[in-house]
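*Asks:* The chain contents come next:
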Amino acid sequence: MSFLAIRDLTVSYAGRAAVRGLSLSVGRGEIVALVGESGSGKSTAAFAAMGLLPSAAVVGGEIRIDDRAMADLTAPEQDRLRGGTLSMVFQEPMGALNPRMRIGAQVAEAIRIHHPMSRAEADARAAATLARAGLPPEIAPPTRYPHELSGGQRQRVAIAIAIAAGPALLIADEPTTALDVTTQAHILALLRRLVKEDGLGLLLVSHDLAMVAEVADRVAVMKDGAIVEEGTPEDVLRRPRADYTRRLIAAAAHVPAAPAQAPGAPLLEVRDLVRSWPGVRTDLRTGLRRAPARTTLHDASFTVAAGETVGLVGESGSGKTTLLRTVLGLDPPQGGDVLLQGRSIVRARGAALRALRRDVQAVFQDPAGSLDPRQRIERIVAEPMHLLDARPGAAERRRLVEEALEQVGLAPQDAGRFPHQFSGGQRQRIALARALIIRPKLIVLDEAVSALDMSVRAGILDLLADLRDRLGLAYLFVSHDMAMMRKVADRLIVLQAGRIVEQGSTTQLIAAPRHPYTASLLAATPDLDRALSARDPAE
Amino acid sequence: MSRGMPAMLGGGVLVALAAFGALLSLVWTPYDISAVDIGARLLPLSAAHPLGTDQLGRDMLSMVMAGARVSLAVSLLAVAAGMLVGVPIGLAAAAFGGWRDEVAMRGADVLFAFPSLLLAILLAAILGPGASNAVLAIALFNIPVFARVARGAALGLWQRDFVAAARLAGRGRAAISIGHILPNIFAAIGVQATIQFSLALIAEAGLSYVGLGVQPPAASWGRMLGDAQTLIGVAPRLAVIPGLAILLVVLGFTLLGDGLRDRLDMRG
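Quick note, the sequences are listed as chains A and B, same order.
According to the numbering used here, the first sequence holds residues 3 to 541 in order.
According to the numbering used here, the second sequence holds residues 14 to 281 in order.
Do not rely on the hints blindly, as some may be mistaken.
As the list claims (entries may be wrong) - Cβ pair distances, simulated, as ranges: (1) A:L75 x B:V26: 44 to 50 Å; (2) B:Q242 x A:R381: 53 to 59 Å; (3) B:Q172 x A:Q510: 37 to 43 Å; (4) B:G256 x A:A370: 45 to 51 Å.
To be verified - Per the computed footprint, the stretches of chain B lying under chain A, defined by three or more beta-carbons under 8 Å from a beta-carbon of chain A, are: (5) 176–182; (6) 192–201.
Derived from the structure by calculation, the hints contain no laboratory data.
The C-beta atom is built at its ideal place from N, Cα and C for all residues, glycine as well.
Using the sequences and the hints, build the whole thing.
*Replies:* Set out below in structure tokens:
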């Protein structure tokens with residue numbers, strides 16, 4: 003008998019169904035992955051299993067825990083179940099922790115709720131639990147606060163809280179999506195160890211097929227609130243039966259077309275770029291002397307040629323965004339220079355700066371934040387026209403906007419709508435149309451496809467490849483996602499702690515990384531084929 | 014979308030009622046408020062005088078209507094003036110930062126350091142009492158409030174990617190402040206304006222009560238309260254009616270502001 007058994011679960015909000023007839027079971031010591039794109043209902047299903055849906059949800063079907071129906075339990079019994087027998091780990095560890103409480107106290111609280119014991123006993127057990135979750139006192143003493151920890155360490159605290167009361171089933175909703183790849187690998191290893199040692203059942207909710215292929219015993223693919231396919235990772239991901247699974251795998255493995263022409267002359271030259279921040283005046287005893295300056299970018303140098311796609315890879319905090327904002331001329335550097343076709347964007351002012359800006363545009367990570375919510379699409383897309391000396395008239399402007407929208411696969415009549423009327427993928431297309439409208443030579447993409455679903459991402463990458471060939475554009479891709487970068491970039495630049503540690507052609511760099519950091523990044527990046535091949539001998 | 018609707022509706026009705034009374038008083042009041050009729054003084058509520066008459070025999074309903082005109086006009090002008098000066102200061106402080114930001118915000122701190130009503134009394138005492146000086150005094154302590162709100166909301170927006178995109182599109186800081194920042198902080202400013210309006214109404218009443226606001230024969234709710242205080246034992250009605258009018262309009266604006274905030278939060 004499975005520990006968690008969900009039968010014919012339906013969840014709807016105000017008549018709109020989020021989950022339609024989902025059946026799924028998770029046994030002890032088993033890792034079951036629930037995979038789907040945004041809006042598939044996978045998180046709703048996970049919350050339903052925890053009994054944590056908002057009161058507006060209308061729930062049907064049956065959820066049995068340890069052969070007892072959830073619906074038959076009283077509210078206090080359900081509370082004892084939650085955290086005691088069932089517990090959950092969320093995507094964003096900062097939001098799941100209390101910022102004003104020491105991490106040891108948060109774990110101890112979770113223990114004492116379910117197992118009455120003295121404070122001292124609970125503290126001792128909390129310290130032991132934190133150590134089990136990979137936070138021994140010499141790394142992070144229980145007296146630390148969440149803000150004193152890194153993202154991965156916070157997620158370890160969240161996991162320690164989840165396992166504190168000795169649950170039998172853990173539900174993890176995208177537990178590594180907010181983390182860097184090397185951290186993701188560590189967290190996954192931790193979860194697998196807990197499953198093995200404690201006979202814990204794990205329901206892993208994720209969008210990442212490659213990651214799931216590495217860890218799951220069973221995979222269930224979800225679409226529009228129902229499971230379309232379920233089985234071992236080998237069966238589902240190697241020999242998919244459902245059309246949708248096939249499309250999902252194809253989108254994840256999708257490689258856009260290679261460039262038609264060889265790269266041309268150097269377009270962007272970054273020379274010995276330095277960014278540093280003056281120390282803060284804090285200490286009264288030293289007469290408010292400044293703390294030493296903090297440098298976030300050390301002598302970065304690289305070039306991008308016309309028509310070339312260059313990938314800048316690095317984990318969070320590596321200085322990617324700092325570098326990119328300086329290259330775009332948004333923030334001034336403390337040393338070095340950025341040259342566009344031989345002219346410095348750092349020193350340019352007024353008309354000269356405007357002339358340089360005509361050649362470089364950008365697409366940012368969060369499509370919701372990069373479009374002014376109060377403006378119509380026409381005005382948003384047309385904004386870079388302010389850089390032109392001869393600004394087009396209203397009719398001409400409209401025509402150019404419509405043309406740009408069509409280029410990115412949107413309808414001309416979308417020009418009259420507002421950003422909130424579009425999906426995430428469509429908004430990213432709008433941002434791209436804005437970057438294209440004055441025909442720049444270089445587009446900088448800051449994690450521009452990271453937030454998008456696989457199928458949408460594949461479409462945008464194809465579009466970029468197509469525009470590159472038709473318009474001769476060069477791209478500077480900035481991302482933490484090595485798996486995507488290796489598919490799109492001609493050349494890769496690896497950034498670690500503000501230093502460029504390695505750069506070279508993508509094929510060369512992946513086949514034979516020279517810097518250990520590059521090697522560790524590549525090893526930690528989940529890869530569907532490699533994960534499935536690694537499983538085969540075990541079968 | 015329905016959240017906050019009943020509150021907004023209730024607030025809107027109260028405010029509209031006061032505004033209607035004030036506008037109507039421009040062309041018509043039941044009785045002439047400058048006509049003193051000692052014979053008809055302190056009459057109780059009746060069909061001829063729905064709210065009775067005051068110690069000089071003037072019709073109270075007419076007085077409340079005419080008083081609304083002065084009270085609302087002074088508050089409206091003071092808040093509008095405070096907003097027109099304060100918001101650009103706040104926008105500029107957020108856009109240019111550095112020493113300009115410091116100067117603007119420390120200036121606001123200095124204004125904040127004085128109790129607002131005390132400052133108004135001081136100003137009215139120096140410039141002399143009167144409606145226009147009351148507007149000036151109340152506007153003065155509205156400036157830092159709007160500057161602060163505008164700056165705070167704008168600073169958050171300057172970090173957003175659409176502002177970075179606008180800079181890449183060659184827009185200057187002033188153009189971005191007007192084209193992108195201002196439309197996006199309108200909501201925050203609107204909510205603050207309703208709060209400031211209630212405060213201005215009370216401030217005007219306070220100034221007029223101590224005799225530094227509107228001068229006779231013009232009526233204002235604060236003056237009516239001041240005039241009524243010697244007769245509070247004889248005819249408490251004279252103080253209760255203008256007091257109630259102030260209370261209801263302040264309540265109306267507060268409800269309007271709360272409802273507005275709820276609705277705008279929904280969309281944000």
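*Asks:* Indicate, hint by hint, whether the structure satisfies it.
*Replies:* Structure-based check of all given hints:
| no. | hint | in the structure |
| --- | --- | --- |
| 1 | A:L75 x B:V26: 44 to 50 Å | holds (48 Å) |
| 2 | B:Q242 x A:R381: 53 to 59 Å | holds (57 Å) |
| 3 | B:Q172 x A:Q510: 37 to 43 Å | holds (38 Å) |
| 4 | B:G256 x A:A370: 45 to 51 Å | holds (48 Å) |
| 5 | 176–182 | holds (count 6) |
| 6 | 192–201 | holds (count 3) |
Violated hints: none; the structure is consistent with every hint.
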